[in-house]
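Visitor: As they're listed, the protein sequences go chains A and B. Counting from 1, position 62 in the first sequence corresponds to residue 62 in the numbering used here; the numbering is continuous, with no gaps. Counting from 1, position 33 in the second sequence corresponds to residue 1033 in the numbering used here; the numbering is continuous, with no gaps.
Simulated from the structure, these hints should not be mistaken for laboratory data. Don't take every hint at face value.
Away from chain B, derived, C-beta distances all over 12 Å, residues of chain A [unchecked claim]:
hint, residue
1, Tyr30
2, Glu31
3, Glu64
4, Arg82
5, Asp90
6, Thr138
Only some residues are given here: those of chain B computed to face chain A with a beta carbon under 7 Å [claimed, not checked]:
hint, residue
7, Ser1029
8, Tyr1048
9, Ala1052
10, Leu1058
11, Thr1069
12, Ala1072
13, Pro1076
14, Ala1078
15, Arg1085
16, Ala1089
17, Leu1164
Note that beta-carbon positions come from the ideal geometry of N, C-alpha and C, so glycine has one too.
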Amino acid sequence: MPAGSDVQVDVDGLVRGAQAGDAASFAALYEHFFAQVHRYLSFKTGNPGEAEDLTAEVFVKMLESIHTFKWKGYPFSSWLFRIAHNLMVDYFRARDRRRHVPLDDVADGIEGSPVDVDSRLDLQLTMAEVRDAMEGLTDLQSEVISLRFAAGLSVAETARAVGKNDNAVKALQHAGLKRLRCILSETPSVLARLQRA
Amino acid sequence: MRDFVNYIGGVLTGGRAFRAGREFEEALSACLERVAMGEDPYTCAERYPAFAGELLPLLGVARATSRLTSEATYSPAAKARGLARLSRAIAENGVSAGRRPWSPGWRLMARPVAIGFAVVVLAGVAAGGTTAAAADSIPGDKLYWVKTTRENVGLRFRRSDEDLAQAHAALANERGREMQQLIVRGRVRQAEQHVGRLLHHLSLSAGFAGVRMSQDPVEMPPGRVGDHGPDPAWLRSVLQRDEQLLKHRLTELLPQVQPGQRQRVLVIMRESDLGYRVIIESLQPDDGPRPGPFWRPIPRGAEGFPRAQ
């Protein structure tokens, strides 16, 4: 899931243009990444309205610090989503809503894998269910899941964004999905829906 | 020796488990990419029969989560506001907030950059019909920034003095309409402040029409310098029409204004009327004796200026 469809849009060229002060390049970068960043922040905050404001803030921060982006072989999207992540952290700090669940605590509560959820590839979930389930992941697992499946970043882009290598991201992705599956399996509303189906 | 063999066995076993785990993660990652591109999860899982049982449920959760997040929507107005905010940040601080390693001339680009952004903003909001909705907005309304941005961008694309004189006259008329609406809504204080904006556009319109403006229009009334610039008769007739229209609007409004604010509205009327008439008088044809300024019944002197009493 490469971010921003880099095949169609020359993101590198736009970034160079933006660093040179070209207005059209800034506008094009905004157009290209807006939806992705908004999806990511909407998923993390659970509030589309606040996500809109935060998304705008991301691009202002991008403007302020684009001269610091160096071409070291990792994609611009990773750098941009790191800004988005930092803003999201500040958001939660301000609202005191962030809950950190260490790995050890999570492991104790998750046992078994009910067949019902495993067999439903067309599983319908609500945002509340997923976000509640995400509370049971570690910070890194949650971040990888958000970047991979909300923002649509590739493994490589996600790795650069979280400061890990590709293999670490794949491992985190595996562990995160596995834990999500287990938590959702024990979510009453999900089970009730499956039983009605 | 046995302990050593057992130790080596443990390492190998653990290593095999480690490799199997790594292989599963590779398979999961590959299937996630394929499923995201539209491939059926079962098809992908068949490529890795040893892992299929564990792959499928994880693919199901991933797909459900992706589908959910893809439904997140944003309002076009919010997107346009974000772009406008970016534009303002550029206009205020320049690119990279003053840290400009690439060129000492970046400041020269700040205005074109801001204009370029404003054009993009307007293209974005126009597509959503927001521009039409903003056309009737007044100061204090949420979409008023769209209207003023559109006006400013429109001014940038005008080339001739005649165009600019015409544009500013139209904007002065629009400020008068906004003033009327502010009074209707009881926002008399804002209307008082808005007179300044009306006079500003009138002054600019006159300037582009070749009228010399001074600090003290009473002692040194404005007058046209030379014959350059647009046809003054045209601009004079436009301003006369707009002056009469604004006077009519505000006069009709007076009975509806609260008694305590009526005097303030009268002052607004006089200030705006005076602004119009000063400019209109300055655009009178310079062919023969001109009457003195309408506020002073003094014949004009030889040098063209009224004699001081």
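Visitor: Taking the hints in turn, state whether each one holds.
Guide: So, going through the hints one by one against the coordinates:
1. Tyr30: violated, 6 Å
2. Glu31: At roughly 8 Å from the nearest Cβ of chain B, Glu31 of chain A sits no farther out than 12 Å, so the non-interface label is violated.
3. Glu64: The claim is violated: Glu64 of chain A sits with its nearest Cβ about 5 Å from chain B, within 12 Å.
4. Arg82: It holds; Arg82 of chain A is separated from chain B by about 17 Å at its closest Cβ, greater than 12 Å.
5. Asp90: holds, 18 Å
6. Thr138: holds, 17 Å
7. Ser1029: holds, 5 Å
8. Tyr1048: Not OK, violated: Tyr1048 of chain B not within 7 Å of chain A, min 13 Å.
9. Ala1052: At 12 Å from the nearest chain A Cβ, Ala1052 of chain B fails the 7 Å test, so the hint is violated.
10. Leu1058: Given a least distance of 4 Å, the restraint on Leu1058 of chain B holds.
11. Thr1069: holds, 4 Å
12. Ala1072: holds, 4 Å
13. Pro1076: violated, 11 Å
14. Ala1078: holds, 4 Å
15. Arg1085: holds, 5 Å
16. Ala1089: holds, 5 Å
17. Leu1164: Violated, because the Cβ-Cβ distance from Leu1164 of chain B to chain A comes to roughly 23 Å (cut-off 7 Å).
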